[in-house]
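Just so you know, the sequences run in chain order A and B. Residue numbers for the first sequence follow this note's numbering, so the first one is 1 and each next one is one higher. Residue numbers for the second sequence follow this note's numbering, so the first one is 1001 and each next one is one higher.
Each hint should be verified, as a subset may be incorrect.
Derived CB-CB ranges, DEER-like [unchecked claim]:
1. A/Phe-8 x B/Glu-1346: 56 to 64 Å
2. A/Phe-8 x B/Arg-1233: 31 to 39 Å
3. A/Gln-34 x B/Glu-1279: 45 to 53 Å
4. B/Gln-1135 x A/Pro-135: 35 to 43 Å
5. B/Thr-1493 x A/Ala-117: 42 to 50 Å
6. B/Ala-1511 x A/Gln-34: 12 to 20 Å
7. A/Gln-34 x B/Tyr-1192: 43 to 51 Å
If the Cβ cut is set under 10 Å, some of the chain B residues that face chain A in the computed set are [to be verified]:
8. Arg-1022
9. Lys-1117
10. Ser-1559
No lab work stands behind these hints, which were simulated from the structure alone. C-beta: ideal position from N, C-alpha, C; glycine also.
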Amino acid sequence: MGKSSDNFKPKILAFCCNWCSYAGADLAGVSRLQMPSDFQVIRVMCSARVSPEWVIKALANGVDGVIVLGCHIGDCHYISGNHRAKKRFALLKEMLGYMGINPARLCVDWVSASEGARFQQMVTEFVETVKELGPHHGPEG
Amino acid sequence: MGKARIGVFVCHCGNNIGGVVRVPEVVEYVRTLPDVVYAEDNMYSCSEEGLSSIKERIAEHDLDRVIVASCTPRTHEPLFKHACEEAGLNKYLFEFVNIREHCSWIHMHARDEATEKAKSLVRMGVAKARYLEPQEEFQSDVYPAALVIGGGVSGMTAALNLANQGFAVHLVEREAELGGLLQEVNKVFPTYEDASEFLAPLIAQVENHPRITTYLHSQVESVEGFIGHFQVRVTNGQQETEFEVGTVIVATGAQEFKPHGYYGYPMLPNVVTPLELEEMLKKGIELPQNVVMIHCVGARIIERPYCGRFCCTAALKNAVLIKEQNPQAKVYVLQRDVMAYGEHIERHYRQAMELGVRFIRYGLDRPPEVIGVRQARQVKVFHQLIGKELTLPADLVVLVTPLVPQPDSETLSKMLKVPRGGEGFFLEAHLKLRPIEFATDGVYVCGSARYPSNISESVSQAYAASAKAATPMRQGFVQVEAITAFSDERLCTGCGTCVLVCPFNAVELRAGEDGPRSWVNATQCKGCGSCVAACPNSAMQQRGFTDLQVLSMVEALVSS
Chain A
1 MGKSSDNFKP
11 KILAFCCNWC
21 SYAGADLAGV
31 SRLQMPSDFQ
41 VIRVMCSARV
51 SPEWVIKALA
61 NGVDGVIVLG
71 CHIGDCHYIS
81 GNHRAKKRFA
91 LLKEMLGYMG
101 INPARLCVDW
111 VSASEGARFQ
121 QMVTEFVETV
131 KELGPHHGPE
141 G
Chain B
1001 MGKARIGVFV
1011 CHCGNNIGGV
1021 VRVPEVVEYV
1031 RTLPDVVYAE
1041 DNMYSCSEEG
1051 LSSIKERIAE
1061 HDLDRVIVAS
1071 CTPRTHEPLF
1081 KHACEEAGLN
1091 KYLFEFVNIR
1101 EHCSWIHMHA
1111 RDEATEKAKS
1121 LVRMGVAKAR
1131 YLEPQEEFQS
1141 DVYPAALVIG
1151 GGVSGMTAAL
1161 NLANQGFAVH
1171 LVEREAELGG
1181 LLQEVNKVFP
1191 TYEDASEFLA
1201 PLIAQVENHP
1211 RITTYLHSQV
1221 ESVEGFIGHF
1231 QVRVTNGQQE
1241 TEFEVGTVIV
1251 ATGAQEFKPH
1261 GYYGYPMLPN
1271 VVTPLELEEM
1281 LKKGIELPQN
1291 VVMIHCVGAR
1301 IIERPYCGRF
1311 CCTAALKNAV
1321 LIKEQNPQAK
1331 VYVLQRDVMA
1341 YGEHIERHYR
1351 QAMELGVRFI
1361 RYGLDRPPEV
1371 IGVRQARQVK
1381 VFHQLIGKEL
1391 TLPADLVVLV
1401 TPLVPQPDSE
1411 TLSKMLKVPR
1421 GGEGFFLEAH
1431 LKLRPIEFAT
1441 DGVYVCGSAR
1451 YPSNISESVS
1461 QAYAASAKAA
1471 TPMRQGFVQV
1481 EAITAFSDER
1491 LCTGCGTCVL
1501 VCPFNAVELR
1511 AGEDGPRSWV
1521 NATQCKGCGS
1531 CVAACPNSAM
1541 QQRGFTDLQV
1551 LSMVEALVSS
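Chain B with its partners taken away, still in its complex shape (with noise of 0.2 Å):
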């Protein structure tokens, strides 16, 4: 191997970069490195003009070797490959440097040290790009079958949409029958149709159609494999059924918080959760004449600071519904903020206001009281606005919750090895750039199983996670990732320490001219890297982190 001729991109991504780091003094540096043949700076490394330059310099510097030192390679590193590859040079010879959310946004305040620790870590990238070589890819086929866990407005949205391309789905439903949390809401926002009127044609759809199996009453108990390829266990407690997909979309949804302990719940029967009050409203109960809805129960606090976002949207729904059935009543919304956003629903507050509902801003450090014994007959309220507290007139008070994870979300993120973010709803790979995916390839998230959504933001993520689903299924298959492990007959003794430690049987032992050597099969292999350090002797080695690649970025560390 001759001596490399690098070539070295660093970005200012505008100031997020540039702002904390010198970026001209780190291009200076790295022009004095060995091997760099070229170095310059990118307002925006990812943009156009910059990828057009990365292109334009490899051929213009017969560059050999393509670092770029800007954001995380979780989000914008196959862009580069790619560009690369379109210049004709192995998407393999390429490095990622992270100097923005690994240096210039967790040292704002330490512009000189950020200047030294980027200087540092390009100097390591470049010592690993010395010693990268071109790798092929190889192509895993992918079975044309998705897997939908969850049967709500999300699941069956995304099942249709996947069987109607031609695609076989298995919907796994936990509950003896499709719907969902929609199945207990009585009309929807803002069309004010039945819930059941949207529901029935949907779930009848799916029911009928010739390509989606149904499991009722069901769980998964088990999903192993890697995208293109899972292999799934479904049982329903009498009996288990197994089959392969080739995707999976998590529609799981989430549950009401039951506020048990706040303001009466649940022993005073006439205060009431939101899907409770749906309840009443479906079976026509009369409604009482004075209603008061607390909102934000057991959200926007300290243990669970997120906001719901629709049980406004749903709570004005019912206000207006409330209030047009009955002029008369006295509807009170105590509300610490109201999340009403976009035209629809700014709309309807405005017109809940009109119609007489009163809304009364309370504070988290003064909360309302409900008062009463056998049930709630008053609540009492430090009005902020007014600085005076009042008592209400109630007859049901509503206790406005938000959504919060289902209680097998922890299972089920175990065994698709997906993560869950920190309030316990699945995390999705980046929020903005990749919102209904996962890390993992091949599992995508739709609904409120990623956090609380309402009907209309539901519908359009199932859209999203089955289109995603159906192009690696339509393609046919997937380019295998070439960071797998591969052994060096010379070094290897047969000792078979890597064929005990792969997680995924990917190592065997084959006979080789002077005994048993290990050889590793590349399309199992998913590239963790157990057997190259488990290995004695250096034998068994992985594409893109050999110990060389890593121990010259140690060695490039020490040396200043």
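The following block holds chain A by itself, in its conformation from the complex (with noise of 0.2 Å):
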């Protein structure tokens, strides 16, 4: 399929929380931490409240990568919303196969407030796999 090329540059969306993650983006900027721009944040309360709707929607539309980012399991601001948003989105890895849509296009992980380098690392890690993917045009094997 569509190897990497040094002109694709790939809409990526990063669904962050308030709590956690959000505030880890936000220290990685504090920190001047330099990443590569090819991903967009979009704020939301909880990870629980990234619908997988959204992100099939996403996919579906044009958005190579997806990446949901939320507190450490046991560290949920709201106690358990990012053990609904884990097992959803294994869920939804599972189906996304079916759906012909790669897998690895979508990245869910878990940063705290205080690990603005472990968003560097994980949002420079994403692109790159969604790089090497290729543009998302349709179904994939």
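Take the two lone chains and join them into the complex the hints point to.
Given below as structure tokens:
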């Protein structure tokens, strides 16, 4: 399938929760940790708010990759929100394959408010992964 | 809903954004977006000038949506929302776009990409803003009592400050006595008064105060609820007590790092930590002739990169004390920089030198060596500035170590749902703007629980934390942010998934015309959105984060 080309600028969405990952992203900014610019952050209050429907619609309409970042398990500001998110997205990842979408285009992980460097690392790696997968045009293997 | 009239204010933030993102270009671009009737750039949107401009433009151009593209909403969003309110615009018709922490600061060497990304982010913000709706906040009452966790200097000061203002305080202390670390200290810097002279009256005031209930030898078992109504359970091993409070102050302090394995500690009996030295001084033990203090033991190293802040001060205090008691004593301080911040401490540093305390600089690459089999007899150190190795006689070696987090800080952080920083100390909401609160409302922090603090810093922070805690308690209510969930009866099929999923029991099924329908108790709802994503019919939505709002942001990203 479409291999990485230097001109490919992926469109990547990062859903970050207000209490942990968004704050972690802010810290990365404050610490001036540089990263590729191919992602946009959308803030939600909790990773549990992220609807699987959003991920599917995004990937079906031109977004090349989606990363969902919540609080570490056990640290959710709303107690169990991230547990829900973990279960939902584990299920969604299974389904993506059936739908003809490479499951590697969805990444779900956990970043705390003090982990600016981890945010930088997650995002940089995911952008690389998506670049290698190539643009998302339609059904993939 | 008619067409929106959106106003966009793009901030330069001095050079922070403007130095990377071509702000005027972004403004030009924004003007081309549908429904944007006004756009301008500001040097500092959060300044008096910037805020006035926003208010004026709202009136001038009859704006019904306002977008500010600048820093993170986590710092100034309330400021801008307030400005909108002052101009007569419902504050929920305001949207913040982060083009600093999430753009200019992380793409500093890619001006073109950063500018394009800023345009994308603002386009997404505009897309969401079209679908924002005015909301009304309601007030939630605040129970006028506080929980203070930790009975050291910080905890006691905070407790007294609150109790003196008329609030009931529950003070929980893990040990059998109040006083914290200060109990182990001999004399305090710079007054050289006995720590007990300072501590005893404080403890007496706390114990005798009619509004303070002290729980000694006790731990906090659980804290549930939110600002205004925290349900707390405290246990002392035999008995459990439950009570309600409106606010919580974390004043759990820190512990001294015990340098096991460093320089013969703890096997060699005359190699001690600073608190062990304090104990010796308190007991009036005759001090030996040759004292060697090794600074930065277990601090400013890869595993623990931070500086202990006041350990140099305390060491200087004792160095001077030793020399004054016995001018013939030889005191050597082996250091990797002396942290003597401020006039008092700098003066003391000079005084120590004048009294004959020898300061020798060593490097991490060649640490000192303690020589001795049954006890330390000598210390070898490579003097960085002379470039020679010296052998110093040593009857007592003091390993100056930093404070480290308490062992139960992880448990407490999970219990209160407050974060800890990389080193394990509690992480405040914002280092500069909100130094003694957490992002979680109603919970505050002071003293060494946050980072190693000396007595005066701990006391100041305790005053600050108690002042912050007093505010909602004095006012009697807090405004609840209108980001709660709500259900559309027409779409709801009464499946009850939302009820099961809510972590706060805020959703219930009520009888509707056509069967059970979900209903959200807005006072209980905390706005996480779990139920919204769980609803199979999209009947459940979250104010400020509806599917329509977010999906329009997604669409805005892909359309260019």
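Comparing the hints with the structure gives:
| no. | hint | verdict |
| --- | --- | --- |
| 1 | A/Phe-8 x B/Glu-1346: 56 to 64 Å | 58 Å, holds |
| 2 | A/Phe-8 x B/Arg-1233: 31 to 39 Å | 56 Å, violated |
| 3 | A/Gln-34 x B/Glu-1279: 45 to 53 Å | 49 Å, holds |
| 4 | B/Gln-1135 x A/Pro-135: 35 to 43 Å | 39 Å, holds |
| 5 | B/Thr-1493 x A/Ala-117: 42 to 50 Å | 46 Å, holds |
| 6 | B/Ala-1511 x A/Gln-34: 12 to 20 Å | 57 Å, violated |
| 7 | A/Gln-34 x B/Tyr-1192: 43 to 51 Å | 50 Å, holds |
| 8 | Arg-1022 | 14 Å, violated |
| 9 | Lys-1117 | 5 Å, holds |
| 10 | Ser-1559 | 8 Å, holds |
Going down the numbered hints, you'll see the structure goes against 2, 6 and 8, while the others check out.
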